[in-house]
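Could you build all of it, start to finish, from the sequences and the hints given here?
For the sequence shown, UniProt numbering puts the final residue at 606, and the numbers step up evenly by one.
Hints are supplied without guarantee of correctness; some may be wrong.
Stated by the list, open to error - Quick list of simulated restraints, FRET-style, between CB atoms:
# : residue 1 : residue 2 : range
1 : 298       : 583       : 51 to 57 Å
2 : 133       : 178       : 22 to 28 Å
3 : 582       : 552       : 16 to 22 Å
4 : 479       : 282       : 41 to 47 Å
5 : 432       : 325       : 43 to 49 Å
6 : 593       : 506       : 21 to 27 Å
7 : 298       : 466       : 20 to 26 Å
8 : 36        : 583       : 54 to 60 Å
Hint data in this document are derived by calculation from the structure and do not stem from the laboratory. Cβ coordinates follow ideal geometry from the N, Cα and C atoms, glycine included.
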Amino acid sequence: MKTASRSVFRFFFVMLLVLGLAAPPLARHIEVFPADAAVEANLRRHIGYLASEALEGRLPGTPGAEKAAQYIITQFQLAGLQPLGSRGYRQPFSFVASVRMGRNNHLTATLADTRLAAKPEVDFRPLAFTANGAVEGEPVLAGYGISAAKEAQYDDYATLDVKDRLVIVLPYSPAGSNPHTKFGAFLSLRYKATTARNKGAKGLLVIAEDDDFQRSQVARLRYDDAFGDAGFPCAVVSRAWATKLLGRPVADIERQIATTGQPETQLLSDRRLRLQTEVIKERKTADNVIGWLEGRDPALRNEVVVIGAHYDHLGLGGPNSLAPREGEVHPGADDNASGTAGLLELARSFAAARNRPRRSLLFIAFSAEEKGLLGSAYFVDHPTTRDKRLVAMLNMDMIGRLRDNRLTVQGVGTSSVWRPLLAEASTRHGLELSLGESGFGPSDHASFYKRNIPVLFFLTGSHPDYHRPSDTPDKINYAGERQVLALIGDVIQSTVNLPTPPDFVAPKAGDPAERARGGFRVSLGTIPDYAAEISGVKLAGVREGSPAAAAGLQAGDVIVGLAGRDIKSVYDYTYVLQELEPDREVDIVVERNGQRLTFKLTPTRR
1 MKTASRSVFR FFFVMLLVLG LAAPPLARHI EVFPADAAVE ANLRRHIGYL ASEALEGRLP
61 GTPGAEKAAQ YIITQFQLAG LQPLGSRGYR QPFSFVASVR MGRNNHLTAT LADTRLAAKP
121 EVDFRPLAFT ANGAVEGEPV LAGYGISAAK EAQYDDYATL DVKDRLVIVL PYSPAGSNPH
181 TKFGAFLSLR YKATTARNKG AKGLLVIAED DDFQRSQVAR LRYDDAFGDA GFPCAVVSRA
241 WATKLLGRPV ADIERQIATT GQPETQLLSD RRLRLQTEVI KERKTADNVI GWLEGRDPAL
301 RNEVVVIGAH YDHLGLGGPN SLAPREGEVH PGADDNASGT AGLLELARSF AAARNRPRRS
361 LLFIAFSAEE KGLLGSAYFV DHPTTRDKRL VAMLNMDMIG RLRDNRLTVQ GVGTSSVWRP
421 LLAEASTRHG LELSLGESGF GPSDHASFYK RNIPVLFFLT GSHPDYHRPS DTPDKINYAG
481 ERQVLALIGD VIQSTVNLPT PPDFVAPKAG DPAERARGGF RVSLGTIPDY AAEISGVKLA
541 GVREGSPAAA AGLQAGDVIV GLAGRDIKSV YDYTYVLQEL EPDREVDIVV ERNGQRLTFK
601 LTPTRR
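Below, the structure written as structure tokens:
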């Protein structure tokens, strides 16, 4: 009975602490339920504003994102948090927001004595990831530009020599744009460009999929948030212009392949192409918003627990949207106004508690998460905590759709303290937890885990409204989110008052890049830094005991070559990984401190 009584007492006391109502315990228990209603009302207000039409989807670098940042700053001020950005509560950082056509875009073809000139925006357009420059040479039709003899029993390059030629390819695959066929891994324009370059081509033309060039999705000048270019000039051409160049209708070529199931290729040795491309990257500024709550223990206050959530979303759509068309506001109520609202309520509650935590708390609303964790990556590279030590990071992303009383928590394997802590909190708050070990994942906690910081990632799971205009405030389970926050607050309270900080457990799983793409036979043990604005793949670290570690790779290396292939971007890297065989040694080339080094590396079977 004593044990049960103590558990009940502790349950109510922790709830009061989490909600910022800790006072003489016995006198204040009756206010728990009124406080619950107040928390839900606050969540409705926060999410209602952040996901409103006025903020237009909170795309980084837009007025809507600025309104969201100012709202968060105001809430931090009202809570009593101190500013700890590089400029007040703000930590501004620059990022590539889009690309636009430069002046130097030209395409001409010579057919016998005929000169065929293409008009920019009418007949052709550079691809967003093109390398700026000019190339000239013989054109060669390479079907769909797919080389997948093992994976899909299909190879457009099997009988072609494209070295020093300009490759022309059809969009998508013999099965169309359906990603659920054997060609699903080979549909992207990045894949077609990488394959052509690796085969020795000096440039690439992709034929548009729509007869109306202005309606073509392939021809959209859409930045894909990856910093490396294709390594050579690339462009999209209209079907009408391609028909003139090839001397036959594009539709006839597509029908021929569909009928025979075989590649359709053609060396156009009597013609010559000249392609010049120029795209200009346009930069904007976004802000992380950072509030500080100093711990009460002089011995522990320099140890910092970060509580994070990203406040940006997709604006009016874009490449990450799952909506059928662009132009509609994506409110992002669950992704991630719900996590941002939770951040604000936890900040208010802990700042209002009479007994502050022993360690310090840093509340961060990150921007540009949807563009590749840019805000959190910038923070870990430029921490505003100066001489203080970051000892843990707890991240909230999409916590507003609690269903069946089940909460997902990832990162449990990043510290030995997490599992018992969560088990106790789960029992206390009546939530069923679905636990994941890995500290990697598609949200801001991954940036911290790459820096050897223990992390937890809380989410209530995906749903049909994810990255669509239908992710609206009316679909949030506000009572459920309050329950989730009570548990998270409990975990925070326990973490900041531990006698020693959470220990860090090094990653044991395979490459995050490999898991993200799937279909890999091998593991290298590399941990890419996806936010690095470089040509190549920068390593945030390597997994202990992995092939990469055994080869001598280390954090900060930039992979520029693998298995005889040039690596210009993470896309190049993942495409080469798809081809590697277990236990077969390959060369890997890295740049380190201005030097180019080559190592021998033996991939292991996944």
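Going through the hints against the structure:
1. 298 x 583: 51 to 57 Å: For residue 583 against residue 298, whose Cβ atoms are near 55 Å apart, the range 51 to 57 Å holds.
2. 133 x 178: 22 to 28 Å: Because 34 Å falls outside the window, the suggested range is violated.
3. 582 x 552: 16 to 22 Å: Given about 20 Å between the Cβ atoms, the range holds.
4. 479 x 282: 41 to 47 Å: holds, 43 Å
5. 432 x 325: 43 to 49 Å: violated, 38 Å
6. 593 x 506: 21 to 27 Å: Between residue 593 and residue 506, where Cβ atoms are some 24 Å apart, the hint holds.
7. 298 x 466: 20 to 26 Å: Violated: the Cβ-Cβ distance is about 45 Å, outside 20 to 26 Å.
8. 36 x 583: 54 to 60 Å: holds, 58 Å
In summary, the numbered hints that this structure violates are 2, 5 and 7.
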